[in-house]
Amino acid sequence: MINIKKRFIRLLNPALALVLGILLIPLHSFAQESSGELQITRTATMTSAPIPIHVSGLAGEAFKILKFDLEISGCDLVSSEKALYIAQASSDSGITGKLTDQTGEITFFHRSYKNGTDRALVHAYAADIIKVITGQDAIFNQKIAYCINTDLDKNEIFISDFDGHNPQQVTRDGSLIRALTWGPDKSSLFYCSYRALNPDIYKQELYTGKRTIIANYLGLNTSPSVSPDGTQIAMIISRSGSPDLYVADIDGSNLKRLTKTQADESSPCWSPDGKYICYSSRASGSAKLYIISPDGGTPKRIITSGVGSATEPNWSPDGKYIAFTTTTRRSFQICIVPAEGGMVEVLAEGEAPCWAPNSRTLIFHRKKDKKSSLVMLDVPTKKTKTITSIAGNASQACWSR
Amino acid sequence: MKKTVVSLLAITVVMAVSLTSGCKNPKPGVVQIPTMNPRIGQAQTTDPTLGSDSENTTSPISPSNNWSSNSGSGIPLDTPEDPSTGNNLPQVDNVPAIEEDDISPEAEKARREYFMGRPMDRDAFKAYTIHFDFDSTLVRPSDMANIQAIADYLNIHTDCALLIEGHCDERGTEEYNQSLGQRRAASALEALGKAGLNKNRAQTISYGEVRPAINAQNNEAYAANRRAEFVLLGAQTPEATLAE
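Quick note, the sequences are listed as chains A and B, same order.
For the first sequence, the numbering used here begins at 1 and goes up steadily by one.
For the second sequence, the numbering used here begins at 1 and goes up steadily by one.
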């Protein structure tokens, strides 16, 4: 009886930390406002403690894969005494994996994984562990698309597993790609390419390589973003002089201009319910976030208190947060803000964030010492992982979702 | 005031020199601007095994379990184009105009064709590059002499056209810089319009931060990289237009 109670309390610990974190938010925000000064601060908008887990039975590459998967999902690998969960596995033929509580009395599952590469089997085991611990579907079978620079003004598109493994090259144009994004059903990519010596928007079907032009008006055509229902596309087009936000049917027809500013707009993204498009505009002098209905109307400013500029917005799939990049004279920083606007949380150095389907993992790129790497960040625990399996200079990563 | 007179004189001299090498006789070795609407041609493939070794093409990826196949619509690149192009080149007083928010596909096509098949001369206006303040798209008053010189040149050489390239320093995010560079090119175009140039004779392109004038990380390089460059597009040759 006492044992059960003890276990219950242990399992509750992360939940308690989360509750405490939430309780602290209002106090913190109040302190900010009363001081009368807005500065870059780390507010507890989305915070939880890492979950301690002990892993045994795997070695070498299999252990590395499991460690990567668990850590990027908000787990800390610890000794068995400090762990809330024990993951015990063996790799004789395929992978056999088990997840228990600390005492070993409660077994959450005990499964064998067969018929796949070791990498795929470990990912499947890790996904089951994360499902038990967080209740969420893991992101380990998702794909990412990204660009690899071959020169200062040349790059090519690649697709790989979420951790950079099993890369496949998608374009061989010897040209410049910008604003890469996934199409509906994960069967196509949309991007801006300079291959015809003008920045035009293309759709490329992944299984056939078939490529069609979505927008090639004179001037700039870039930043495609497909609506959640897959029927519409938002884009930045400069056919009327200044770059403005446009929306069209998914094939590029029925083009409609949404903004008519003298300033430049950039980087549209959709709210998950499809009711709004969020974008960055310099209409007020510096880059700020705005939302507008795809049917048109008056744009509404998204307040990003605490930072100067805001570019490259990306709406979380659960609708709660908008990730974006803020630019200082020295560096780029990844930020999140509640979707309705408010106090910004600055997370890490980097640019061009994109949410994973789980609404907690961000991928972005970071330039350090002339090398550009992809980085993943677990937002609640602030854990980051640099994807080291990609050799070249990678940027513009986006999740299939 | 004296300085202005001197610089105006200097510009006149430069223009006079340039006049002698006018664009009716394009210099040998100038680069032909490819059509703005080329066809991908053999890039289209349905055989996934072809993807890896063909050049300038797309590489199909192999389907995996969790991806479903989907065929989308769009404008196929290999759709034959209207062959009735190239015989009636627009005259300078008949440059295809662009009206805001009301651009028919025909008008768009005429605009595109106006810029096709023109030799590209990067040297003609090399000394006339204009620069921008940090995060600004405003043309500096000190650059207006350059703008006026370019407008005047094009108003004499009525069969030429202009390409304006907008560039940024590297301290902006990539997509933001793409838009910022485009806005800078548009500002340069607006200034040319005020200087008396028919704005429909120029097209704009943004390169963001990918083509720096000076590839370095210091304020001098950043200042040099925030710029608009002007590329002279020579007279359209019927052969070049027909070939495309």
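Don't take each hint at face value.
To be verified - List time: in silico DSS-like cross-link candidates among lysine-lysine, alpha-carbon distance up to 27 Å:
(1) A:K131 x A:K370
(2) A:K288 x A:K368
(3) A:K288 x A:K67
(4) B:K199 x A:K256
(5) A:K64 x A:K382
(6) A:K67 x A:K383
(7) B:K199 x A:K131
(8) A:K154 x B:K126
(9) A:K131 x A:K114
(10) B:K126 x A:K260
(11) A:K82 x A:K382
(12) B:K199 x A:K371
(13) B:K126 x A:K256
(14) B:K199 x B:K109
Think of the hints as simulated: they come from the structure by calculation, not from any bench.
Please read all numbers here as calculations on a predicted model, not as lab measurements.
Outcome of the hint check:
1. A:K131 x A:K370: violated, 38 Å
2. A:K288 x A:K368: holds, 26 Å
3. A:K288 x A:K67: violated, 38 Å
4. B:K199 x A:K256: holds, 23 Å
5. A:K64 x A:K382: With Cα atoms ~20 Å apart, K64 of chain A and K382 of chain A stay inside 27 Å; holds.
6. A:K67 x A:K383: OK: K67 of chain A and K383 of chain A at ~13 Å, within 27 Å.
7. B:K199 x A:K131: violated, 60 Å
8. A:K154 x B:K126: holds, 23 Å
9. A:K131 x A:K114: Within the cut-off at roughly 19 Å; holds.
10. B:K126 x A:K260: violated, 33 Å
11. A:K82 x A:K382: holds, 21 Å
12. B:K199 x A:K371: Not OK: K199 of chain B and K371 of chain A at ~41 Å, beyond 27 Å, violated.
13. B:K126 x A:K256: Between K126 of chain B and K256 of chain A the Cα gap is close to 37 Å, so the pair fails against 27 Å, i.e. violated.
14. B:K199 x B:K109: holds, 17 Å
In the structure shown, a violation is registered for the earlier hints numbered 1, 3, 7, 10, 12, 13, in ascending order.
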